[in-house]
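Please model the entire structure based on the sequences and the hints provided.
Line order of the protein sequences matches chains A and B.
Take the first sequence: its position 30, counted from the start at 1, is 30 in our numbering, and no numbers get skipped.
Here our numbering = 1-based position in the second sequence + 182.
List of simulated lysine-lysine pairs, DSBU-like, C-alpha gap at most 35 Å: (1) B:K317 <-> B:K209; (2) B:K320 <-> A:K160; (3) B:K320 <-> A:K122; (4) B:K209 <-> A:K160; (5) B:K209 <-> A:K164; (6) B:K235 <-> A:K59; (7) B:K280 <-> A:K25; (8) A:K122 <-> B:K245; (9) A:K59 <-> A:K92.
Source of the hints: derived by calculation from the structure; they are not laboratory data.
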Amino acid sequence: MASEIVGELRLLQKRFRERDVLGLKDLAEELASESFILQEPSLLDLSLVAYACSKFLEKPYIVTSEDWRDFDANLMRILDQSTMVFKQGRDKDGRALVHTAIMLVESLSSSLGRFVTSVIEKARIKAGAQMYAHGASLGQASALTGAEKRSLAEYIGVTKMLDKYSTLSVNERFSNAQRLFS
Amino acid sequence: MNTIACDSSALISLAETCNIDALSFLKEKTGASFIIPPSVKDEIISNPMRVRKYVFSAMRLRKVLNDGVLRVVSSPSLIADSRKILDEANSLFLSGNKPLHILQEGEAQCLALFSSARIDGLLVDEKTTRLLIEKPEKLRDVMQTEYRQTVEMNETVLTRLRKRFSGIAVIRSAELLAVGAKHGFFQNYKSDANDAFHASLFALRSAGCSISTSELDEYSGINI
Numbered sequence: 001m002a003s004e005i006v007g008e009l010r011l012l013q014k015r016f017r018e019r020d021v022l023g024l025k026d027l028a029e030e031l032a033s034e035s036f037i038l039q040e041p042s043l044l045d046l047s048l049v050a051y052a053c054s055k056f057l058e059k060p061y062i063v064t065s066e067d068w069r070d071f072d073a074n075l076m077r078i079l080d081q082s083t084m085v086f087k088q089g090r091d092k093d094g095r096a097l098v099h100t101a102i103m104l105v106e107s108l109s110s111s112l113g114r115f116v117t118s119v120i121e122k123a124r125i126k127a128g129a130q131m132y133a134h135g136a137s138l139g140q141a142s143a144l145t146g147a148e149k150r151s152l153a154e155y156i157g158v159t160k161m162l163d164k165y166s167t168l169s170v171n172e173r174f175s176n177a178q179r180l181f182s
Numbered sequence: 183m184n185t186i187a188c189d190s191s192a193l194i195s196l197a198e199t200c201n202i203d204a205l206s207f208l209k210e211k212t213g214a215s216f217i218i219p220p221s222v223k224d225e226i227i228s229n230p231m232r233v234r235k236y237v238f239s240a241m242r243l244r245k246v247l248n249d250g251v252l253r254v255v256s257s258p259s260l261i262a263d264s265r266k267i268l269d270e271a272n273s274l275f276l277s278g279n280k281p282l283h284i285l286q287e288g289e290a291q292c293l294a295l296f297s298s299a300r301i302d303g304l305l306v307d308e309k310t311t312r313l314l315i316e317k318p319e320k321l322r323d324v325m326q327t328e329y330r331q332t333v334e335m336n337e338t339v340l341t342r343l344r345k346r347f348s349g350i351a352v353i354r355s356a357e358l359l360a361v362g363a364k365h366g367f368f369q370n371y372k373s374d375a376n377d378a379f380h381a382s383l384f385a386l387r388s389a390g391c392s393i394s395t396s397e398l399d400e401y402s403g404i405n406i
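Next comes the structure, spelled out in structure tokens:
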């Protein structure tokens with residue numbers, strides 16, 4: 001597991017350094033589904049950071065701000081340290097360090113962001129939707145990502161995901177329901 | 183008088199679309215009884231009360247509970263039964279030999295109610311719980327498309343789950359609203375009643391009810 005996390009840490013650093021917005025969004029999706037499959041919370045944290053960074057990089061008012069240089073430096077330092085710690089086999093410390101990246105993102109989002117919903121909350125919803133698409137129930141996707149169930153349901157409701165799960169015909173369902181209430 | 187266990191997904195869809203009164207309406211019209219396990223109460227009321235954006239929605243649901251339209255039901259065996267269901271559901275599908283943990287406590291407790299209480303149906307909007315009961319193979323097929331590799335099913339677990347879920351009638355908030363509509367839930371809209379009913383179905387979909395676009399088209403053929 002540690003070697004997988006180290007690989008993903010390196011990839012995240014690379015795409016952030018290269019300002020690869022699309023690459024960061026793709027990475028966020030992949031990390032969310034991997035986190036679900038492998039039941040590894042650190043991969044979720046990295047997914048949230050990857051998504052947040054992709055959104056920050058899209059906004060000139062953020063990347064030209066005074067706070068951005070410190071954020072950039074601190075994020076890379078945390079990712080470097082996490083990589084080193086995981087390679088030393090100190091998985092618990094590595095997970096704790098990765099988690100501090102979330103707090104760094106939250107801090108920038110609250111100081112510079114223009115929306116009430118933080119970028120991490122949006123990242124949780126995106127990660128939850130990815131897990132839902134990979135088979136997780138709404139409750140499980142919400143529990144694993146920390147996304148509020150209502151927010152996740154609303155997001156999923158406007159995607160085409162819900163077109164994939166029909167079983168009975170509407171007439172059969174309606175007849176069953178009528179019998180239930182008769 | 184039929185008893186229906188309610189999952190949080192359906193209750194949330196109904197509350198978010200201003201249709202939660204359909205429960206009291208149907209209770210009065212048909213004598214149906216709506217029950218929830220303790221974990222669903224936490225999901226629909228206790229947890230969202232901590233998030234400002236959702237406090238009012240949680241209060242609407244708390245009112246439904248306080249008015250006696252919804253009842254919390256528990257039993258000494260509920261936790262043990264829900265653990266068994268969780269273990270089974272979360273070992274049914276495997277990707278690269280890794281079991282996929284698809285279900286969570288709230289959904290498992292709802293299903294566990296069928297063992298401990300006399301339940302006639304399950305009201306659930308989210309797709310995993312519904313497909314586990316109705317057609318696990320369909321869930322596997324969709325997952326395989328997402329994973330782009332084979333997702334295996336543990337046949338022993340599948341047999342156990344089929345036996346456990348045999349005979350459970352599943353309805354969504356859409357069907358509940360359709361039955362309500364036929365009983366007159368939208369009559370206050372007068373000449374707009376039929377349109378209000380169909381518009382509500384679209385609203386339920388936008389709130390996360392697992393109803394497809396083609397099913398919404400099928401529903402357009404059902405008028406009140």
